[in-house]
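Those protein sequence lines, which keep their order, are chains A and B.
Under the working numbering, the first residue of the first sequence carries the number 4, and numbering increases by one thereafter.
Under the working numbering, the first residue of the second sequence carries the number 4, and numbering increases by one thereafter.
Source of the hints: derived by calculation from the structure; they are not laboratory data.
Treat the numbers as computed from the prediction; the structure is a model and nothing was measured.
Be aware that a few hints might be false.
It does not matter which identical chain is used: a pair holds within one copy or between any two.
[As the list claims (entries may be wrong)] In silico DSS-like cross-links for lysine-lysine, where the CA-CA straight-line distance does not exceed 25 Å:
#: 1; residue 1: K64; residue 2: K33
#: 2; residue 1: K64; residue 2: K111
#: 3; residue 1: K146; residue 2: K135
#: 4; residue 1: K33; residue 2: K59
#: 5; residue 1: K33; residue 2: K57
#: 6; residue 1: K33; residue 2: K116
#: 7; residue 1: K111; residue 2: K59
#: 8; residue 1: K135; residue 2: K59
#: 9; residue 1: K57; residue 2: K146
#: 10; residue 1: K59; residue 2: K137
#: 11; residue 1: K59; residue 2: K146
#: 12; residue 1: K140; residue 2: K116
#: 13; residue 1: K116; residue 2: K146
#: 14; residue 1: K116; residue 2: K137
#: 15; residue 1: K140; residue 2: K57
#: 16; residue 1: K111; residue 2: K140
Number of protein chains: 2
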Amino acid sequence: MRFLTPLAASAALVAASGLVLAHGKHGHGKAIDYRTSVMTVFTWNLRPMGAMAKGKTPYDKALFARHARDLNAAAHLDLLPGFPDGSDEGDTEARPDIWLDWDGFTEKYAALKQATEALAAAAGGDLTSSVKDKLGKVGDACKSCHRAYRER
Amino acid sequence: MRFLTPLAASAALVAASGLVLAHGKHGHGKAIDYRTSVMTVFTWNLRPMGAMAKGKTPYDKALFARHARDLNAAAHLDLLPGFPDGSDEGDTEARPDIWLDWDGFTEKYAALKQATEALAAAAGGDLTSSVKDKLGKVGDACKSCHRAYRER
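Could you build the full structure based on these sequences and the hints that come with them?
Next comes the structure, spelled out in structure tokens:
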């Protein structure tokens, strides 16, 4: 095998230590893992609904309804304890603005819950423009919060 | 700075590439991320209930009930699509036994849902031996499945 140049070796070490740090136990590592996990559940459910709404995959009403239900259930998990004070430090894209504007943050989160509730209530029948609109409003709620409170 | 010896450099590269692979896009990376995330939500809720039941933290009935409710909601997310065929490959502790014994696996998962339902229904009042027993049964359901289907 070829040995590394010193520069490549340094880069590899930096990369390795960065990844280890990213998964290490910061003070708020568990809270960050939790909130990240909840958002992974959001994405898992949102993506296939989006693909169906855009006609990229065939519409399956039961599958759509299941994802709408699970997305709504996940949005109603108590996420705010996943954002303890100071948890803008660590492996996170959360911006300090969350804590500087906590009311705004919780309002946007409440808007997401309302949007997922409306989608879950509407899902299960045909893929009408009303259902697509409600899915769009969920996406808007995600984006609105990310734009304000997530690192870009 | 000191440069790395070739051996240290190789070790660093192997470590870095392993970590990158672990988080890279295997065929089933998204399913693995999803099921891991759901279990992170389980742990987030289970741990504080366990600490209260053992007297390690003061009993807070509203907090306990909230965790019991969220644990039950998370257990009722549709987790099985997070275990597609072949997803014992990749960054996972899932054993092939899951797919060799799918009925057994789904039975154990159904038992978890029953246990979280019973706990959620019982939570919200005093921390009685009955509530502790129901929490214990949730833990037993976790362990039973991990023993059979998770790498040790």
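Hints, one by one, checked against the model:
1. In the homo-oligomer, the alpha carbons of K64 and K33 lie at most 25 Å apart only across protomers (22 Å), although the nearest pairing inside one protomer, at 36 Å, exceeds that limit.
2. Taking the shortest alpha-carbon separations for K64 and K111, neither the intra-copy value of 28 Å nor the inter-copy value of 28 Å comes in at or below 25 Å.
3. In this assembly of identical chains, the alpha carbons of K146 and K135 lie at most 25 Å apart only when taken from the same copy (16 Å versus 41 Å across copies).
4. In this homomeric assembly, K33 and K59 come within 25 Å of each other (Cα to Cα) only across copies, at 18 Å, whereas the closest approach inside a single copy is 36 Å.
5. In this assembly of identical chains, K33 and K57 lie within 25 Å of each other by CA distance solely across copies; the values are 20 Å between and 36 Å within a copy.
6. Proximity of K33 and K116 under a CA criterion of 25 Å is satisfied in both settings, with 23 Å inside one chain copy and 24 Å between copies.
7. Neither within a single protomer nor between protomers do K111 and K59 lie at most 25 Å apart by alpha-carbon distance, with minima of 29 Å and 35 Å respectively.
8. Taking the shortest alpha-carbon separations for K135 and K59, only the intra-copy value of 14 Å comes in at or below 25 Å, while the best inter-copy value is 48 Å.
9. In this assembly of identical chains, the alpha carbons of K57 and K146 lie at most 25 Å apart only when taken from the same copy (18 Å versus 41 Å across copies).
10. Taking CA atoms no more than 25 Å apart as the test, K59 paired with K137 passes inside one copy only; the shortest distance there is 18 Å, against 45 Å between copies.
11. Taking the closest pair of Cα atoms, K59 and K146 come within 25 Å of each other only inside a single copy of the chain (21 Å); across copies the shortest separation is 40 Å, beyond that limit.
12. Taking identical chains as interchangeable, the C-alpha atoms of K140 and K116 lie at most 25 Å apart only when both belong to the same chain, with a minimum of 11 Å there against 31 Å between chains.
13. Taking identical chains as interchangeable, the C-alpha atoms of K116 and K146 lie at most 25 Å apart only when both belong to the same chain, with a minimum of 14 Å there against 33 Å between chains.
14. Within a single copy, K116 and K137 get their C-alpha atoms as close as 12 Å, which meets the 25 Å cut-off; across copies the closest is 30 Å, which misses it.
15. Taking the shortest alpha-carbon separations for K140 and K57, only the intra-copy value of 15 Å comes in at or below 25 Å, while the best inter-copy value is 44 Å.
16. Proximity of K111 and K140 under a CA criterion of 25 Å is satisfied intra-copy only: 12 Å inside one chain copy versus 37 Å between copies.
Hints 2, 7 from the earlier list are contradicted by this structure; the remaining hints agree with it.
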